[in-house]
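Please build the complex by placing chains B, C and D with the ligands on the supplied structure of chain A, with the hints as guidance.
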Amino acid sequence: MTAVSAPKGKTNKLGLEKTAYRGLESTLCNGCGHDSISSRIIDACFELSIPSERVAKFSGIGCSSKSPAYFLSRSHGFNSLHGRMPAVATGAVMANRTLIGIGVSGDGDTGSIGIGQFKHLIRRNVPMVYIIENNGVYGLTKGQFSATADMGQELKHAGVNELPPIDLCLEALAANCGFVARSFAGDPKQVTTLVKAALSYKGTAVIDIISPCVTFNDRDESTKSYSWGKSHAERIIDATFIPYYEEITVDYEPDVATEVELHDGSHIVLKKLGREHDSTNRLAAIQLLEEAKAKQQFITGLIYIDEHRADLRDIERLPETPLAHLPESSLRPSKDSLAKLMEAMK
Amino acid sequence: MTAVSAPKGKTNKLGLEKTAYRGLESTLCNGCGHDSISSRIIDACFELSIPSERVAKFSGIGCSSKSPAYFLSRSHGFNSLHGRMPAVATGAVMANRTLIGIGVSGDGDTGSIGIGQFKHLIRRNVPMVYIIENNGVYGLTKGQFSATADMGQELKHAGVNELPPIDLCLEALAANCGFVARSFAGDPKQVTTLVKAALSYKGTAVIDIISPCVTFNDRDESTKSYSWGKSHAERIIDATFIPYYEEITVDYEPDVATEVELHDGSHIVLKKLGREHDSTNRLAAIQLLEEAKAKQQFITGLIYIDEHRADLRDIERLPETPLAHLPESSLRPSKDSLAKLMEAMK
Amino acid sequence: MSVVESKASPAPVGSGQPIVNDFSITIGTKNGSGSQTANATVLRALFKMGIPVSGKNLFPSNIQGLPTWYTIRASKDGFVARRVRAEILIAMNKATVIEDAQKLESGGVCIYSDALGYTPMRDDVTFYPIPVGKLSSASGLEGKLKGYAENMVYVGVLASLLGIELDELKNALMWQFKGKAKAVEPNYQTIVAAFEWAKENLVKADPFRVERMDKTTGMIMIDGNTAAALGAIYGGVSFVGWYPITPATSLAEALDFYLPRLRTDPETKQPTYSVVQAEDELAALGMVLGAGWAGCRAMTSTSGPGISLMSEFAGYGYFAEIPAVIWDVQRMGPSTGLPTRVSQGDVLKTYWLGHGDTKHPVLLPGSVKECFEFGWRAFDLAERVQTPVFVLSDLDIGMNQWMSDPFDYPDAPMDRGKVLTQEDLERLGGKWGRYRDLEGDGVGWRTLPGTDHPLAAYFTRGTGHNENAQYTERPDDWETNMERLNRKFETARALAPAPIEDRVEGAEIAFIGYGSVDSAIIEARSRLAAKGIKTSYLRLRALPLSESVGDFVRAHDRTYVVELNTDAQMLQLLRLDTPELATRLFALNHNDGLPLTARWITEAVEKMEA
Amino acid sequence: MSVVESKASPAPVGSGQPIVNDFSITIGTKNGSGSQTANATVLRALFKMGIPVSGKNLFPSNIQGLPTWYTIRASKDGFVARRVRAEILIAMNKATVIEDAQKLESGGVCIYSDALGYTPMRDDVTFYPIPVGKLSSASGLEGKLKGYAENMVYVGVLASLLGIELDELKNALMWQFKGKAKAVEPNYQTIVAAFEWAKENLVKADPFRVERMDKTTGMIMIDGNTAAALGAIYGGVSFVGWYPITPATSLAEALDFYLPRLRTDPETKQPTYSVVQAEDELAALGMVLGAGWAGCRAMTSTSGPGISLMSEFAGYGYFAEIPAVIWDVQRMGPSTGLPTRVSQGDVLKTYWLGHGDTKHPVLLPGSVKECFEFGWRAFDLAERVQTPVFVLSDLDIGMNQWMSDPFDYPDAPMDRGKVLTQEDLERLGGKWGRYRDLEGDGVGWRTLPGTDHPLAAYFTRGTGHNENAQYTERPDDWETNMERLNRKFETARALAPAPIEDRVEGAEIAFIGYGSVDSAIIEARSRLAAKGIKTSYLRLRALPLSESVGDFVRAHDRTYVVELNTDAQMLQLLRLDTPELATRLFALNHNDGLPLTARWITEAVEKMEA
Ligand SMILES: Cc1ncc(C[n+]2csc(CCOP(=O)(O)OP(=O)(O)O)c2C)c(N)n1
Ligand SMILES: Cc1ncc(C[n+]2csc(CCOP(=O)(O)OP(=O)(O)O)c2C)c(N)n1
Ligand code: SF4
Ligand code: SF4
Ligand SMILES: [Mg+2]
Ligand SMILES: [Mg+2]
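Chains as they are written, first to last, in the working numbering: chain A, 1 to 346; chain B, 1 to 346; chain C, 1 to 610; chain D, 1 to 610.
Treat the hints with caution; some may be incorrect.
Claimed, not checked - Below, simulated EDC-like cross-link-like pairs (lysine to aspartate or glutamate); rule was C-alpha separation at most 20 Å, straight line: (1) K269(C) with E320(A); (2) K369(D) with D336(B); (3) K340(A) with E467(C); (4) K340(A) with D405(C); (5) K156(B) with D408(C); (6) K346(B) with D408(D); (7) K346(A) with D408(C); (8) K271(A) with D238(A).
If you are wondering where the hints come from, they were derived from the structure by calculation, not from laboratory data. If you're wondering where the values come from, they're calculated on a predicted model, not measured in any experiment.
Extracted from the complex, chain A is given alone in its bound form (with noise of 0.2 Å):
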């Protein structure tokens, strides 16, 4: 068992330490992918200032869905059923306005039987951070495939797998997901980058993270390996977040560079790093990832940035009062109001 993520002392401008983002002491394998990356929600959430209290978690079922009992404490957890959490982050979030939605989820939760639910969740642009910690691989059952094995990938009962992977940021820029990214759990800066932005985005922030099983799938061979991550990752982008607070002092030449203003004011500097990409174009997006694949590369950033898709809230012009908040007077009609259309029924 890991405790994830040491505290540091600081304090943030909630006036909280890391400490206070803590959650229970994990019991998946020691080096788990899935640790680390509760450890950079943490840092995350710490670093934005993030109120607990406000954010929702939820879960499928899986090593991966384990997850959310190990990060924020003080927050609500909704651990759901396999596959399902996007229905379920669906009501919730709808249902208080104000709830922050953080959503982790694995390969196969989300690839294998959950794709529906995903893909309709992002087609509705539910506003919620949803990670996939990915390791090609059924954990918690031991070591199935799931649908993001690769081709030929070799586990230890099930054999060898002979059915190409489904992408899931692919597969998220089909059903026109505003906010796609991919990441390794080994790249923990990029990690945290990534989700602090994604917090702040306004809609579906999907984030495909490889994330290691080290005891079902961690063969050298694995594209979902620590080795094979550490060895083929590369930094398409440069995802710099920050956060509406801050001022943007960093300097870029504007041709290396863009920059996406969320709707909370905070910006995204997306840096070009040796290859072009440009993130705010879909269909370069897709052809990034298409031509990764035929050329078996690992990349990672920020791969599409869309923030002028509605989300659900607006598109369901939801009251500022959290509906779940209404009182009594908002949600029950009145009696004038039965008897005159009793009065119309007559």
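Using the frame of chain A, we list chains B, C and D with the ligands on its own:
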């Protein structure tokens, strides 16, 4: 009630008249696009001299999913559950490798409740023709939005749709589909050609056919209406299908046409019409869909073909005799083998 | 055979005495041919003439073309159940006219379109052929609309033959077309033309008449799905997740229609609710549980196949203790069954939905009025007991037109159940346990996500948990928790609507029924009473069963459990709850897809009592 | 307190007389620490010494780190049920040692690793601390493997204290490592080193001993899931669609393991089957129905949540009449519950899975041998009756190690049911009706897709259909069809495995049980008999219930229904089937996630009989 596809008197290579390929009288609305697609399936099967007895028809639930009753009465049919046709078809075509699977589904059946099974069917490359009769609406339940409804589309009861549509061709491509086509129920020639090509394709062949619902979604502004289709459909690729038993007699310029040979020796000649597109290039296919979408264009034709993917029957290394026909001697191991096993467990 | 044109003043069987305000009409048409307006016009005119009526649609699972029937029953005695055979047939469908006419009650009437090419084939029925095409021209309508006008022809003829007041027909049209003269006029012209034609050309040869009376004064007419939607709205529903399915769709559509009208904030003009059409029923219930967990009054509505798909989430809701309301408007059969036919086949399924020792409170509205009442009460129960509550309606109650007394405004403020606020937590110093049973009713206190207190949070899960909502695999924790859940179920038993009893002095036999079979039981009892057979009646209104049911059964020699399903599902639950009385309970179940009739009950009881 | 090192030859309670071949061992370790091999080695050595044993894994839902326990029971009398308290504890987990030691039977033994930093705290238990770290060095293994060796230390110590033969331990290692000396040697070295160390350093102060006997000669040892998989293979399974879920996963994995070995065509080297891992359980059953429809012997295996997800398809299979076999290896609780704990909570759910009057035959294997037998029989039943057949196993029977007589080869050829071939159709001139009941057993004749005859085809649907598989909404068609389905269910009742009865002359009370509680009932009866309480026993093996059950219940004053669930589910079904005997049936249900013990039954009966 309309009787779909009138007989012609001619006979095909099996000595059958087209009437032999008919189904029951349709109980769909007069003018429903689905009926014209049924007629095209009849045409295609007749023209290819397909023995109906070897065809298995599959569907989910919806007006579209009723169609299998209206063609090929001599074929077994399986009208399954809403959104769950892919699983049933998978089991059946694996059970009997000689079956030719034809599935008919709706946009709700495939895009809403069924998107998960749709993706996984394709991922497995289950050999079958998968036709989507896409009208952007739930016909059978009387006019709610499906996942392919246009943003801004208006329906009598349901109001205005504010969610982006799912593009089922793009979804198929993302899931690694090796045969992706789009057509229009009002273009009989193209539909017939595509169905014929699909029938010869070894793997999942998806044809997304805009098929107007005259009762609930046929306003001129709707991209799923007859008038919109007629005025907007742009054939981007002319796919001429040449069955294995016919010689290629068409003359074509090599730079505007490509020839694809299918596993059974049939050929598809892809002829570019006007615009540049290479149907054997996956990225180009995605690009084409994306661009057409951005420009509100309705492009039709064979968007993508890859005749090299192994289908699920290959992957599972099915024996020549259909599993369903294996005799007891193949199915029940010997008494001796059990004795040996028991010995080893002592 | 008696065709009026060919023979004047025949004497059909049963004629002589006029039969006033006591008959059933069946209108046989083709689906999608637009007869609904005509049917509704007749129904409403009779209703406004003060005559008790009911209207039932027996329609196919099809959009256009297949045969469909509408039945209108007028009953001076107020009986509104379906009758096995109608006295009057309006035959507008070539495909079914022969069979339809065959099914008429002896002594009945058949009004048929001369375009059907039908030749009457019964001696004991009066036949009136009508030139529908010709008469519908009077409307001046063309094309598709002309089809609609054709249906108005039968309205006019019927009005003439029965004596339906033209004024009331006009009022009914006005009501339906919301006063739009442009829509009313052509239709009304057709009615009048047909009325005049009938007066001149048909010789009344049957005994059926209507006469104004005063039995519907102050009453409303509505279908159960609309009533349910209104109930939910007055119950403060704030989140709806749903997926279309017959016959539940019209419930959600009524929500969609009335919510903007009743629940738009007058100041901000913003909705005080959110309705999301889900991608399927798994998602619909998932959303509802998410919203219920976060503090909304959340609901969904569905039918059998949707209920099946909701199994896993229903079990989750039970075990994680999340309030939710699930309407099951039941339709016929296992699997897809017959989507447009009625049944009460989901009793066992909803009661035990889930796996591994799950059970749910189930409300059983027996009228449109109760659809409204349970529409709001279900939320109180769900939030009070913190659990999914099912409401079992059915196609007959949900989609057909029923008379009713006006609905009563909720007689108590909303019961939002045990919720700890930030202030409560401060008072408690943050000491609380989500699943701690402080009051002995099995119900713990919950906090809503977003509650601004560092100790407000808890972790909701479908896996084993202890009082403090912590994960546990300890055998004792499991047992304690399951015992508490059973205690909670007893709380639900006590809070759920009690049965309604009518114990009759000296009755040896009794009925137990629920839901839409109520009207047939009422009528059957009256028929039996007329034959000197006294019966008591208990109408169940909820599961788990009230403890009073045992007393009722004990007080009678034989109790017949009337229901619309094949497996006598409620009988089974009754036997389980009162094993010592198991042999006094008898199945009186029927399941052919049609609303139950008094005749079937009466005959079945007589046979069993013989 | 008695720690051997500090005090020589203590006299723990109950010492004196040696206790031979009659005790339980609990091994408490951390999950993922590799103790399985050690546990299995001890189990197998005892088994091969001729001593009846059982091995049960009480593990958490976790991959690494959480506490886990393994219990081995040795019983000269052949009782293999779990015992409430063990006599011997091997304590290897710091997190649980205190509680584990507290739970030991008085007079018991605690062997613990000195690395735990544990101080013994009971007077009535003999404590043996062992230097695990030091002794494991003997293996020469390093790193992760050293952890495995640590477990071998306890094996050696235990062997020394109890008298387990070193040769049998070595054989057991050889068997496990398939003879690979490289794997066997280091482990065996550790065992020997620990054995020697114990001989020299520990003073035997407890009464527990083993001695070779001959009660296991010719028997095998296996888990129920492997047995089920083998049964299915010998039943000719040709299509498997499945989705991983504890505790059913190992059934599918056993299929994956044995199918290539047993069902590869010797000539073509190709498989005679297809196994597809589905994307979820909805798809798994959908595939199985597709394959069953097309003529395969098709199956799936799952547990509670998967069963919930299969509801809609199960109802479809029932109504469209498609053969399929569905194994439900039951785990604990509603929702996700406790995936690694046992329960029998899905009885009602599987029996009635679906909505709208659905019901299914359910087989109830009570032993690994029956897992094998029902593994093949289920296909015969499913194809004969043309319906989905459920097999209810559970985690205890499915995942734990059981002794058994070797399995019997199927005693009859496969029954493929009523299938019309091309030749049959030619003979009949193509005249047939899919749902026509020619033989009066309710089962129609089917054709398989691909049958080469122009009249072979029919249309399969979940909607209403008539004899000829045509769509119909006619009330009479519906009723006829449902009546036939009920007739078919009676056919299933007659064909399903009959209960096994042991009626005891003069017994006033009786047990009814099923599935994995069998071993506890057997032992409880023996205990009760020893106290002079005679009991009869009927073990159910299938639903619908055999008609003979009524006679059995009638023959006794009180019948206790023993089962592992909260809602006494089988009791409910028994009461429904025999309402006249409802009050003679009593619940003896327990549900704490652990396999049932004889002690619990005995005490519960004594309390109820008092
Ligand atoms: C309906 C249902 N089916 C199956 C399971 C069993 N199950 C639990 S977790 C899991 C797979 C998890 O894989 P993934 O989402 O990749 O998470 P990981 O453990 O790899 O982090 C499965 C199949 C379940 N809990 N519920
Ligand atoms: C589980 C389930 N939910 C809902 C339904 C109701 N239903 C029947 S068809 C349909 C939608 C069909 O839409 P589509 O697939 O687009 O077909 P169309 O009628 O437009 O051809 C729905 C929601 C059902 N049959 N089963
Ligand atoms: S099994 Fe794999 S995914 Fe699960 S906790 Fe262990 S390392 Fe992580
Ligand atoms: S409702 Fe629409 S989709 Fe259905 S049959 Fe009519 S036109 Fe076709
Ligand atoms: Mg995974
Ligand atoms: Mg549609």
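Hints, verified against the model:
1. K269(C) with E320(A): holds (11 Å)
2. K369(D) with D336(B): holds (18 Å)
3. K340(A) with E467(C): Measuring from Cα to Cα gives roughly 48 Å; hence the hint is violated.
4. K340(A) with D405(C): holds (14 Å)
5. K156(B) with D408(C): violated (32 Å)
6. K346(B) with D408(D): The hint holds at about 14 Å.
7. K346(A) with D408(C): OK: K346(A) and D408(C) at ~14 Å, within 20 Å.
8. K271(A) with D238(A): holds (5 Å)
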